[in-house]
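In case you want the letters, here they are:
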Amino acid sequence: MASTTSQPAASTNLPTSEPLLSIRNVAKSFGRNIVLRDISLQVAEGEFLTILGESGSGKTTLLRIVAGFETPSSGEILMGGERLDHLPPYRRRVNTVFQHYALFPHLSVAENVGYGLKITGLPKPEVTTRVEQALDMVKMTAFAACKPSKISGGQQQRIALARALVNRPRLLLLDEPLSALDANLRRQMQVELKSLQREVGISFVFVTHDQEEAMVMSDRIALLRRGELEQVASPREIYRRPATAYTAQFIGHTNLLRGQVKDGIATCHSLSWRTGLRDGPGLFSLRPESIRLASGAGGSANVRLRGRILRQAFQGATELLQVECAGGLMLSIRTASRENLQGEVDLEFSAADAVPVRESGERT
Amino acid sequence: MFSRAYRTAITLPPLLWVILFLLVPYALLFGYSFWSLSPSETIIHSWTLDNYHQLFRVDVYLETLFRSMWIAARVTLLSLMLGYPLAYYLSFYAGKSKDLLYQLVIIPLWVSYLVRAYAWKTILGSDGVLNTLLQYVHLTSHPLEFLLYSPFAVVLTLTHIYTPFTFLPIYASLEHIPRNLVEASHDLGASPFQTFWRVIFPLSIPGVLAGATFAFVLSLGDFLAPLLLGGPSGIMISNIVVSLFGAAYNWPLGAAISFCMLALVLGLLFLSESLEKKWSFR
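Residue numbers (the working numbering), protein chains in the order written: chain P, -6 to 357; chain Z, 315 to 596.
These are computed hints drawn from the structure, not numbers from a lab.
Don't take every hint at face value.
[What the hints assert, rightly or not] So these bits of chain Z aren't anywhere near chain P, every CB distance computed over 10 Å:
#1 Leu363
#2 Met383
#3 Gly409
#4 Asn445
#5 Ser505
[To be verified] Some, not all, of what chain Z presents toward chain P, calculated at C-beta under 8 Å:
#6 Trp349
#7 Asn494
#8 Leu495
#9 Glu497
#10 Leu502
#11 Gly503
#12 Ala504
#13 Val513
#14 Pro516
#15 Asn553
Note that CB positions come from ideal geometry on N, CA and C, so glycine has one too.
Take these sequences, add in the hints, and give me the full structure.
This is the structure:
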């Protein structure tokens, strides 16, 4: 535990610019194993923030620190300007939706949802009303008397959500809550979860390893890699302007072009384009959909190239092509779906779409 | 899956074993319980319910049966009071020393029952360890007689012997409680105390029932501890059965009492099993 430093006076009327949750320089290690290093992250009131990362990136540990199940090795966490990390989990106005739901098997659905309210000593009639409202919100009223083992995974998911939200927490933490569901149900729940979050206006911190899920639901994504934050930005920003090669590859597909920059011109194999980078080696991310099949004469801003199609993968609305260009440069290209693309093709991309990125692991 | 011959080959030996050494003796015993003894102590092979009547007519049998149940009830309660906290601590808080402590609880089970019962005799006897110590520190001037050859000694010894039997099922049921349920309870605002009574204890009830059944049934039928440590006031029902089959040479009455005990125990097992089912949720 960090020492109690002088804290700012807690005010009940927080300015809207004040973040709801501030994670400040939090680090965590288990023995010699360093899981989180120097994480600083803020969550705004009403925000849907996703912590995205591969397994072992430390995302669940970070969530557990906020929930209070783990204590940070160093750093501090504030909620509404007050220290949160000294409080035991049962004193935090934070609720969690667990990965495997963690519904109490000996209690009915309604008793599960009412658990937190009953603990706080709310009068029975009010518990009943609020449980009914919460069950209504997740459309599970009909199952109130069932035991959790008698309902499906998706239904358990809704109950776990209702059980957490019924307490009106200031912050809801969700630990890969959709990972146990099959693909269709998962997509449906993503939409429901997002609209539910807008409806209740509570801040959500959502942990997942699924980048598509993160893109669909989040206001902002915090990408975690080996215990460090790689990039924190909105889904659009993080997709269009990835800061590092890792981000570019983890979020969506990309082509990484490694080249040399000299006098504002980047050169990679036979290609060259204008860039704002300084002289030296340069790394660029070029999304497959930024490369088009060239039609007639391209504009001067476009980089043109010629390549031979090696593979064509049909993906429904689009095709993913593997193209070999001059000098052995391999590119992935996404085009609208069409049959039988073969042989040599002319391609082009706009120089602005080749986004300079940092090498991964490299820190500035 | 398997051929008929193969299935027969693997099921036949245990089946024969059970029939020859369990069912047949029970059937014989059941038959005996309806026969009677002539004045010249030969067995008369004519059917009568007299033995069962006698069990309820002669005070000493019923008294001993009730005393046995009372002893068994105290043993059950005490071994739960010892076994539960131990299992709870081991399962939730022991951390790295868990395996070691578990072994320490189990090891006494490897020691002969007789040795453990005799050990208590040397502790509780009038010139035993405890009395010597009490006199040495001048807490008492005479050996305390109630320590040995009393129901107290029997309860103490049986509690010592059967606590591991209550500990084990309780420990197993606690180990099966997913830890995220405990976290979920804390997350929803419940203190550790509230979490114990609302989540952990209800989910461990099947283990408690199994443990209580072990302790009660095993100590109800025990005859060595009362024989060695009980004295005249600590006699239990099994001692009577033993003497009826032995010195008294009244097999029919012994068989009748045995069968009443068997019915009682089977009833208890049935009851505890249906309660356990009611309280298990997986």
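Consistency of the hints with the structure:
A cut-off of 10 Å between C-beta atoms confirms that Z:Leu363 is not in contact with chain P; the least separation is 46 Å. In this structure Z:Met383 is separated from chain P by more than 10 Å, as the shortest Cβ-Cβ distance comes to about 30 Å. The non-interface label for Z:Gly409 is consistent with chain P: the shortest C-beta to C-beta separation is roughly 14 Å, beyond 10 Å. Listed as outside the interface, Z:Asn445 is consistent with that label: its C-beta sits roughly 48 Å from the nearest C-beta of chain P, beyond the 10 Å cut-off.
With 10 Å as the threshold on Cβ separation, the claim that Z:Ser505 sits away from chain P is violated: the shortest Cβ distance comes to roughly 6 Å. At a threshold of 8 Å, the smallest CB-CB gap from Z:Trp349 to chain P is about 51 Å, leaving the interface hint violated. Here the hint on Z:Asn494 is kept, as its CB sits about 4 Å from the closest CB of chain P, short of 8 Å. Interface hint at Z:Leu495: satisfied, since its Cβ lies 5 Å from the closest Cβ of chain P, which is below the 8 Å cut-off.
For Z:Glu497, the interface hint holds, since its Cβ comes within 8 Å of a Cβ in chain P; the closest pair sits about 6 Å apart. Look at Z:Leu502: its Cβ gets to within about 4 Å of chain P, closer than 8 Å, so that hint holds up. Here the hint on Z:Gly503 is kept, as its CB sits about 5 Å from the closest CB of chain P, short of 8 Å. Taking 8 Å as the C-beta cut-off, the interface hint given for Z:Ala504 holds, the closest approach to chain P being about 5 Å.
The interface hint given for Z:Val513 holds, since its Cβ lies 6 Å from the closest Cβ of chain P, which is under the 8 Å cut-off. Annotation: Z:Pro516 was flagged as interfacial toward chain P, and the flag holds, the nearest CB pair being 5 Å apart, inside 8 Å. Interface hint status for Z:Asn553: violated, as the beta-carbon distance to the closest one in chain P is roughly 42 Å, over 8 Å.
The structure is inconsistent with the numbered hints 5, 6 and 15, although it conforms to all the rest.
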